[in-house]
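Undergrad: Okay, here's what each chain looks like letter by letter:
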Amino acid sequence: MKIKALSYLGVLILFALALVGCSSDDASGEDGSKVTLTFGTHQSGIPRTGIIQEMAKDFEKETGIGIEFQIVPDAQWRDLIKAKLASGEAPDIFNVDVDPLSMPANVRPKENAMDLSEEEFAGRMSDQILPSVSHEGKVYGVSYAPTKIWYVYYNKKIFNDLGIKPPTNYEEFKSISQKILDSGVTPFWMAPSSNWYQTLALFETGPNYEKLNPGIYEKLNNNEMKVADMDRMKTVLEQLKEFADLGYFGENFLSNTVEAGIDAFGKGEAAMFVRVPGTETEVSDAYPEMKDNMGFFVMPWGDNQTIGINPGGSAAMFGNKNSEHKEEILEFFRWMTKHENLQRVFDGGEGNLTICWPEIESKLTPEYLEYEEAHEKGTVMQAAVKYIDPQFMDVGKDISGMFAGSLTPEEVLENIDKRRAEQAKVLNDSAWEE
Amino acid sequence: MKLKKLYPWYFSSGAIILYMLFIVIPALVGIYYSFTDWNSYSSVKNFIGLENYKEIFVGDEVYLKYIKNTFVFTIFTSIAKTVLGLFIAILLVSGVKAAGFHRMVIFSPQVLSFLIVGLVFKSLLDPNYGFLNNTLHALGLDFLAKSWLGSLTWAMPSVMAVDTWKGMGYIMVLFVAGLLAVPKDYYEAAEIDGAGFFQKLFRITLPLLMPTITIATVLNITYGMRVFDIIYVLTNGGPGYATDVINTAVYSAFAKGYWGMGSALSSVLFVIMAIVSVFIIRIMTRNEVER
Chain A
1 MKIKALSYLG VLILFALALV GCSSDDASGE DGSKVTLTFG THQSGIPRTG IIQEMAKDFE
61 KETGIGIEFQ IVPDAQWRDL IKAKLASGEA PDIFNVDVDP LSMPANVRPK ENAMDLSEEE
121 FAGRMSDQIL PSVSHEGKVY GVSYAPTKIW YVYYNKKIFN DLGIKPPTNY EEFKSISQKI
181 LDSGVTPFWM APSSNWYQTL ALFETGPNYE KLNPGIYEKL NNNEMKVADM DRMKTVLEQL
241 KEFADLGYFG ENFLSNTVEA GIDAFGKGEA AMFVRVPGTE TEVSDAYPEM KDNMGFFVMP
301 WGDNQTIGIN PGGSAAMFGN KNSEHKEEIL EFFRWMTKHE NLQRVFDGGE GNLTICWPEI
361 ESKLTPEYLE YEEAHEKGTV MQAAVKYIDP QFMDVGKDIS GMFAGSLTPE EVLENIDKRR
421 AEQAKVLNDS AWEE
Chain B
1 MKLKKLYPWY FSSGAIILYM LFIVIPALVG IYYSFTDWNS YSSVKNFIGL ENYKEIFVGD
61 EVYLKYIKNT FVFTIFTSIA KTVLGLFIAI LLVSGVKAAG FHRMVIFSPQ VLSFLIVGLV
121 FKSLLDPNYG FLNNTLHALG LDFLAKSWLG SLTWAMPSVM AVDTWKGMGY IMVLFVAGLL
181 AVPKDYYEAA EIDGAGFFQK LFRITLPLLM PTITIATVLN ITYGMRVFDI IYVLTNGGPG
241 YATDVINTAV YSAFAKGYWG MGSALSSVLF VIMAIVSVFI IRIMTRNEVE R
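Just so you know, the sequences run in chain order A and B.
Per my numbering, residue 1 is the first one in the first sequence, and the count goes up by one each step.
Per my numbering, residue 1 is the first one in the second sequence, and the count goes up by one each step.
Simulated from the structure, these hints should not be mistaken for lab results.
Computed from a prediction, not measured in an experiment: that's the story for all the values here.
Don't be surprised by glycine CBs; every beta carbon is placed ideally from N, CA and C.
Treat the hints with care, since some could be wrong.
As the list claims (entries may be wrong) - From the structure, some residues in chain A lie toward chain B, with a derived Cβ separation under 10 Å:
id: 1; residue: R78
id: 2; residue: R108
id: 3; residue: E251
id: 4; residue: L254
id: 5; residue: K291
What the hints assert, rightly or not - Below, in silico cross-link-like pairs of lysine-lysine (DSS-like), each with a Cα-Cα straight-line distance of 30 Å or less:
id: 6; chain 1: A; residue 1: K61; chain 2: A; residue 2: K148
id: 7; chain 1: A; residue 1: K326; chain 2: A; residue 2: K338
id: 8; chain 1: A; residue 1: K148; chain 2: A; residue 2: K34
id: 9; chain 1: A; residue 1: K425; chain 2: B; residue 2: K45
id: 10; chain 1: A; residue 1: K418; chain 2: B; residue 2: K54
id: 11; chain 1: B; residue 1: K45; chain 2: A; residue 2: K234
id: 12; chain 1: B; residue 1: K54; chain 2: A; residue 2: K226
id: 13; chain 1: A; residue 1: K179; chain 2: B; residue 2: K54
id: 14; chain 1: A; residue 1: K226; chain 2: B; residue 2: K146
id: 15; chain 1: B; residue 1: K122; chain 2: A; residue 2: K241
id: 16; chain 1: A; residue 1: K425; chain 2: B; residue 2: K146
id: 17; chain 1: A; residue 1: K174; chain 2: B; residue 2: K68
id: 18; chain 1: B; residue 1: K122; chain 2: A; residue 2: K425
id: 19; chain 1: A; residue 1: K267; chain 2: B; residue 2: K146
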């Protein structure tokens with residue numbers, strides 16, 4: 001009898017504890033007690049240095065609002081966030097890689113994101129990033145993204161020893177690569193295993209296509225021409241294939257990854273690779289002997305000499321419109337965009353030399369600034385032509401198939417058109433209606 | 001009497017409800033979605049009939065390549081796992097020293113996750129720094145060194161070999177259990193009649209093992225059809241589409257937010273698996289003998 005009574009008591013206590021546990025969660029925020037916001041992001045959506053997490057702790061100390069990070073591998077995040085948004089289970093704050101063309105489709109801001117247009121910080125972001133985080137005149141996202149430029153970085157010592165100079169067209173590029181190969185060094189680090197790296201050559205040189213045939217971007221957006229009709233793009237693919245066949249990417253390069261490129265370049269095993277400004281710090285941190293030994297030049301595929309600028313393409317934070325803690329989310333955004341905190345993100349990040357807040361002084365060296373001044377600039381294809389960015393990985397896979405010999409350059413281009421048409425159909429794009 | 005008939009249903013009703021709720025209904029809903037254009041870009045789901053299926057079978061030939069790759073993978077890995085599993089099982093029950101230890105070693109890959117196996121083999125098969133090519137170079141067998149996962153010719157066989165290595169231990173355990181259940185009298189009688197190793201193998205062992213072979217084959221085939229993880233980690237379907245199978249295509253369709261198409265591909269896989277399994281079971285159970 002005693003045991004029975006004790007059992008009842010035990011069950012009652014457990015039940016009461018469960019109720020208390022549940023009710024404390026529900027009550028948080030409503031009665032002013034501690035709110036914890038969930039922050040969902042992919043790994044590269046926040047700096048690997050951990051600065052955002054560090055600042056979140058300080059934010060919690062100041063405001064009492066906690067931030068719980070849900071960090072997901074990059075490859076899975078694009079899919080996961082779509083599913084979470086569709087099922088109404090997105091975190092309070094979520095990161096999405098954005099550009100002006102794909103943001104509306106990827107975020108569906110009217111349904112999922114808080115309108116930040118009236119916030120003071122929205123007016124302080126650079127004009128270059130605003131189209132990537134805005135839709136129909138309203139600002140929905142907050143970004144720290146730098147304006148992205150991909151250059152070919154080269155090992156100055158190898159170039160000097162061989163008496164070669166940065167190329168200004170494809171033929172020169174090929175010629176110096178042969179000399180480097182003859183010296184026993186891999187001329188150019190290609191990383192098809194990462195799926196997106198090889199795609200850069202094709203779309204980052206977009207301004208060159210536009211320069212050769214003005215209005216090409218608009219025609220593509222209006223479905224008045226196909227990617228398969230772009231001769232220069234086909235030329236770039238043929239040149240990539242030629243580089244592969246001539247051994248300029250090294251032997252057995254199909255298994256190469258982007259991450260291994262830093263090591264190969266740092267050790268002098270590869271003479272060139274494609275990276276963004278700030279690479280010097282990343283490489284020389286790991287390989288101090290490489291300090292002051294790196295130069296850069298614009299990608300010369302298809303005789304390109306125009307710098308491709310991507311104003312977006314990186315992560316932006318969005319507040320979940322369906323969250324119960326909208327005020328707290330705004331408080332977080334306001335705090336994270338205070339001048340001193342922007343500076344902190346910039347300084348504590350991974351070596352980016354710019355940030356999309358004009359009030360923060362860029363760290364671009366005179367060398368970069370002079371180079372930019374001396375060259376024409378244009379918007380990269382994935383930020384200006386519809387339905388290119390969402391298929392970046394697919395194109396990478398096709399190009400690696402081309403390297404291996406299963407696809408021709410023509411087929412790679414046809415596949416791009418096919419996927420563009422697929423997505424246009426999904427989005428009921430009137431330009432694709434028959 | 002009526003109550004007696006209903007009695008078993010009372011007991012199983014809970015399980016049936018759960019089964020319907022978590023297995024049958026989601027499967028049916030998935031099949032329904034395969035007839036829609038459901039995607040992540042809109043909350044509207046339009047019924048489009050057989051459009052997705054048309055795309056798979058007559059629209060884009062790459063889907064047929066995924067189906068072909070799935071069959072190639074399934075057929076080769078199923079045969080390899082069954083033959084190797086059986087061979088090792090026969091060795092282990094034939095009085096090999098430390099049979100338990102060997103059994104454990106051969107079975108152990110089964111308990112590893114595909115992620116770990118994939119990452120380890122990715123490193124071992126790296127064409128430039130991997131153990132396999134380095135060993136071949138060290139032995140002077142340079143001509144055998146290949147870009148195992150990056151070549152159109154070798155990527156699929158490499159993936160199949162890794163999968164066979166991981167899966168044959170499980171099949172071996174099934175066969176060991178089957179072999180231990182074969183009455184010794186048959187072998188003794190056969191030996192008295194002068195039967196050799198192969199006569200005993202083909203006249204006694206294999207016929208009596210047919211139920212186990214059927215189970216192993218069906219397991220191998222259903223696994224092979226569903227393969228995803230090992231391919232995703234080792235090659236991500238590449239180079240090009242050389243190792244892409246139906247499930248990597250399902251993943252890719254869902255990743256792009258084309259959920260209707262992803263559901264259609266899953267349904268195709270489901271139908272193919274059901275047909276093949278029934279066919280295999282029918283064929284193989286015909287050859288089973290009573291003990």
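Undergrad: Regarding the pair K45(B) and K234(A), is the alpha-carbon distance no greater than 30 Å?
TA: violated (37 Å)
Undergrad: Please work out if K61(A) and K148(A) have their alpha carbons no farther apart than 30 Å.
TA: Status violated; Cα separation ~34 Å.
Undergrad: Hint check: is the beta carbon of R108(A) less than 10 Å from a beta carbon of chain B?
TA: Where the cut-off is 10 Å and the nearest Cβ of chain B is about 7 Å from R108(A), the hint holds.
Undergrad: Tell me if the straight-line CA distance from K267(A) to K146(B) falls inside 30 Å.
TA: Roughly 24 Å separates the two Cα atoms, so the pair holds.
Undergrad: Using the nearest Cβ pair, does E251(A) come within less than 10 Å of chain B?
TA: E251(A) check passes; min Cβ-Cβ to chain B is 7 Å, inside 10 Å.
Undergrad: Hint check: is the beta carbon of L254(A) less than 10 Å from a beta carbon of chain B?
TA: holds (3 Å)
Undergrad: Holds or violated: are the alpha carbons of K425(A) and K146(B) at most 30 Å from each other?
TA: violated (42 Å)
Undergrad: For a C-alpha distance cap of 30 Å, please report whether K425(A) and K45(B) respect it.
TA: holds (14 Å)
Undergrad: Taking only the CA atoms, is the gap from K226(A) to K146(B) under or equal to 30 Å?
TA: Not satisfied, since the Cα-Cα distance of roughly 38 Å exceeds 30 Å.
Undergrad: Given K291(A) was flagged as interface, is its beta-carbon under 10 Å from a beta-carbon of chain B?
TA: violated (26 Å)
Undergrad: Does K122(B) pair with K425(A) here, judged by a C-alpha cut-off of 30 Å?
TA: Violated. K122(B) to K425(A) sits at ~38 Å, over the 30 Å cutoff.
Undergrad: Just to be careful, I want the Cα atoms of K148(A) and K34(A) compared with a cutoff of 30 Å; is the pair within it?
TA: violated (38 Å)
This entry does not satisfy hints 5, 6, 8, 11, 13, 14, 16, 17, 18, going by the numbered hints stated previously.
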